[in-house]
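Position 65, counted from 1, in the sequence shown is what numbering that gives the first Met the number 0 calls 64; the numbers after and before it change by one each time, with no gaps.
Just so you know, these hints were derived from the structure itself, not from any lab.
For glycine and all other residues, C-beta sits at the position ideal for the given N, C-alpha and C.
Worth double-checking, as some hints may not be accurate.
Keeping only pairs whose Cα atoms sit at most 20 Å apart, straight-line, the calculated EDC-like set for lysine to aspartate or glutamate is [what the hints assert, rightly or not]:
| id | residue 1 | residue 2 |
| --- | --- | --- |
| 1 | K727 | D818 |
| 2 | K766 | D788 |
| 3 | K854 | E828 |
| 4 | K727 | D1010 |
| 5 | K801 | E770 |
| 6 | K1023 | D416 |
| 7 | K801 | E843 |
| 8 | K808 | D848 |
| 9 | K917 | D930 |
| 10 | K808 | E770 |
Each pair of labels, with its calculated beta carbon distance range [stated by the list, open to error]:
| id | residue 1 | residue 2 | range |
| --- | --- | --- | --- |
| 11 | S820 | E740 | 34 to 40 Å |
| 12 | T759 | S395 | 45 to 51 Å |
| 13 | N830 | P462 | 39 to 45 Å |
| 14 | Y252 | E174 | 20 to 26 Å |
| 15 | Y420 | F165 | 50 to 56 Å |
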Amino acid sequence: MDAFLTHIQPFFAWLLETTVIASMVICLILAAQRLLGKRLGPRWCHALWLVLLLRMVLPWAPPSPLSLRSLIPASIPRGRSHARIHGVWQEDHSDPGQASGPTEPKLISPSRPTGGGPQTAPQRAERAAKTESPKTSALAVVRHRLPLFWLIGTVVLGGYLLAGNFTLWRIVKRERPLVTESILELFERCKSQMGVETIVALVPSDRVNTAALFGFLRPRLLLPRDLIETASGEELRYIFLHELAHLKRHDIYLGWLASLLQILHWFNPLVWLAFHKMRADRELACDALVLTRTGQDESQQYGRTIVGLLERFSCARRLPAMAGILENQSQLKRRIAMIATFRHQSYRWSPAALVLIVALACVSLINAQGSGIGSLSIGNQGADARQAPSRQAEDSISDPNTGLQFRKVCAITGSKDVIEYNTDLGMSPNGRFLSYGKYVIPVGDEDVRPFADLPAGRSSWSPDGTMVAFYSGGIWVVPVSPQTGKPTGPARKLVDDDIYWYHHQVQWSPDSKRFVYEGREGHLMVLSVEDGVATQITAEPTSRRVPGGWSPDGRWIAYWRGDNSICLIPSQGGEPRKLIDVKQRVDPSWSRDGKWILYQFYGGQSLQFVRVADALAVDIAVPDDVGTFLAWSSDGERMVFYRPSFEWTDSLRVVPAAGGAPINPAWGMILSASDHHWSSDSRSIFAWRQYRQEKGYWVVPLSGPAPYPVQLPASVGGTLAQMSLSPKADRVLFSSELDKETIEYWVASISAGTGRPVGTPVKVFDKGRAERPGWSPDESRLSLVCDGDLWIAYTDGRPPVKFTGPSDKKVVGHQWSPDGSAISWITYEPNSTRSTLRVCRLSEDTARDIANTAKYIGHTWSPDGTWIAYSLYTRALGTTRELFIVSAAGGEPRRLMEATYDDYHDAFEYTWCPQGEKLVALWGRRLLTFDAASGQQRQVGGLLDPMWGRCIAIECSPDGQTLALDLEARPRSSDHKDPELRVFTVTLADGKWAEPAGKVSSGYSVRWSPDGKWLSFDCDESIKLRPAGLLWEVDVHPYLDRFTDEGTAPEARPSS
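Build out the structure end to end from the sequences listed, making use of the hints.
Set out below in structure tokens:
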């Protein structure tokens, strides 16, 4: 087999070269047809494809500097190693003589000599031994086997076409020729009219679907018996003329040649596209030839004949030895248009067409000078290798504002390209290895390999490179070799606390003896790797903390706190110091000199450095192509970024409530269904799209047209941004930012059928930056939070009114009553950390306090507006969660449930039935209903399977009979293959559970359609959008050095 593959390699190399040139020719032909198609006419549009056929069969061509061959690399791709520059690995074109064996990456330190002096004889011998090693890399093996894969595909496709032709040949051979005299006479008159002298037999058959010419040496015209019996004489005449036009133009022979070339180039999709286009152009050319032989007044009748045939008969099967009148129904419109506008002179010789064909042949049918298989010398390869740095230098992005230059380091391709997102990605301190999940991904030529025998996530390398910590139902540490990345011993479980596996990576101390992690209750824990002793270093109450790492001197730990701030705390524990407020959760890191804290916001476009001495903030824009910050290079001089080839995207899914396959009504668009609304007629969905710089609602019809965006009125100036849709989805609230200090809020009516604005937009609010908009049920008013106060804005343009008073310190949530007569809201007092739930009628001046607590508050109105259900809870384990119900008219609250929150994955969610008489609650593993009037409790079905965790969304069907919810699936699993959330339904009468969408990868924000027939949800998934993952680097120190210190670093005050 190896000998056969060796002999076939030259032919395969020629085939690859030919297919690349053919692809260029195809692009040129398509471009020429698009620009000059109407001027060329159908005959010459098809003639252009003859240049492609000729180029693909020529084994040799004369040399010329004008050849397309000069645009492709002059050599076949060879093996490449990776060299490390500035402490990070990048591609390096190695010596051709060493390409056959695996190569060790070369470490080139920018601050030390590279050791490039003369080698001793033993060193050269050792190098030669490595070069001549029979071992080959996996890439080389795959490259060597590629001809075998091609041959298998060629045999399969060729066998399929031959079998189809043989089957049809047997059918035709058994049929008797037509002997009806009138039809034969008509056929002879058509032959005479077309100038055809070849003997052609007419063969009727029940086994063919349409008229088609068949046969390579002895052509036969196959006719369906139904066609002979039902077609008029005029229709038969046009059919005969068209098929004889195929014979006149030798289309059968060209069809065989195209099919043989398609078999050889089956792996090239452009070849498939080209021959599809060529068949369509062939039919147009035949139509044109027929019309030149008939009167111009017959074009309409000829067109009606083709339309009539399509209505009564299907298309012919596509075989090389066939040419039919109905080749492609999708081209009908184009054919009819050509027939309707046909002019006789368009089929004549065209000087412009001849010039174009000659020019195309000149660049296609010749080779580049000095090119060809076997013409390259070792010197040529060396010259090509020396050009690699210049090509690498072109892979850079410069920021004109900062002067920073982001340089592409290397690509992660092939079997190594498994990194779907950066949150699970780590990098070894020496830059040789990436870690993702349980796998080590060498940046050099080695293969991907696991470092653990169990599912793993959030791996983190110790600074000395000898250990990797990871999550897997707790925190484990495995010893590894810094040089190979392979385990040197068994993994040890140091934290057996069933910690949520997608917590952030642990952060190692500079001496690799300790690491910090987020504990079960959100506190920071420092663990000694030697003895496994963990120490809590934070004490202040907060919901979450994300450890950001140790200062280079080991004295401080930076972390993100749940109140959206970056804090520093002594590594031994003590009083934290708040450094700066941020707008979202971030992963803070230290610069190598310890002077700066850095973090990158979600989306990756902005990188912020905060000076530790005085909290000076410096923003650096990060190009989209660069990705997110990964690590510092080993010399501490450069930041390393990674851009995956995958992208984590949202997509809208709809599934029948009774069960079935989920569909994507958004035609594959990236739409976040976490914010989506059904139209009142259940025919369309309004979904939010946030992708790159695009933000806004889209209308997604369940059937019919493609999704279209909700558009804002052009009459409003400033930078416009959509905010919220009204309950009926016929109005949109949007902001207009005129400058950094001035922002206005407007309401525009929209057409659900077009997404365009209708009428005149109305300005509703201009008192400052607003958030958390809420619509009244009748859409006449809006509730907005501005500077912590609750405002009421009017959609008819009346001046807004501040609704809350001085006692309401900070409004963090609010809801309208179902009839729009009252508003409930939650205030938060930062100093006392207490929250208050209040309700007030719009017709009254005094609010009523329902609850005042140090816990978080969640609440919802019953659909009939008579009750308010609310919950009191914290996110700390060991605390209690309580569920209450209170009359909206007044009275004492009634506690329905109280339970201890002892597991992060415990489900806790509730919703009202549509009639408002029952409250449904999922608590832990129990599903319960409560009668609103009496408080009577009933359990629905048995206990839930313990494998399910938190409930993310819950909603009752419009008829109140069925509950839809999405549950966390296998929450303690560290296996990436396990789905995160799945959609379920349960009947409230008998507790029957179902999974209507099946085991989809994820299902967030489940909602019912108003008619109760559909369930919609958000499905997030990782999609490969780019050919390879890319590592980038940038030196930020020249830019940061522009800022001089204005203070000193804080002194650590450890706790006693």
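Hint-by-hint comparison with the structure:
1. K727 with D818: With Cα atoms ~15 Å apart, K727 and D818 stay inside 20 Å; holds.
2. K766 with D788: The hint holds at about 11 Å.
3. K854 with E828: Answer holds: K854 to E828 is near 12 Å, not above 20 Å.
4. K727 with D1010: holds, 15 Å
5. K801 with E770: Given that 20 Å is the threshold and the Cα spacing comes to 14 Å, the pair holds.
6. K1023 with D416: It holds: about 10 Å lies between the C-alpha atoms, which stays within 20 Å.
7. K801 with E843: holds, 14 Å
8. K808 with D848: Holds. K808 to D848 sits at ~14 Å (cutoff 20 Å).
9. K917 with D930: Since the Cα atoms of K917 and D930 sit roughly 5 Å apart, the hinted pair holds (cutoff 20 Å).
10. K808 with E770: This hinted pair holds, its Cα atoms lying about 16 Å apart.
11. S820 with E740: 34 to 40 Å: holds, 36 Å
12. T759 with S395: 45 to 51 Å: holds, 50 Å
13. N830 with P462: 39 to 45 Å: holds, 41 Å
14. Y252 with E174: 20 to 26 Å: Holds, at about 24 Å.
15. Y420 with F165: 50 to 56 Å: holds, 51 Å
Going through the hint list in order, the structure satisfies each hint without exception.
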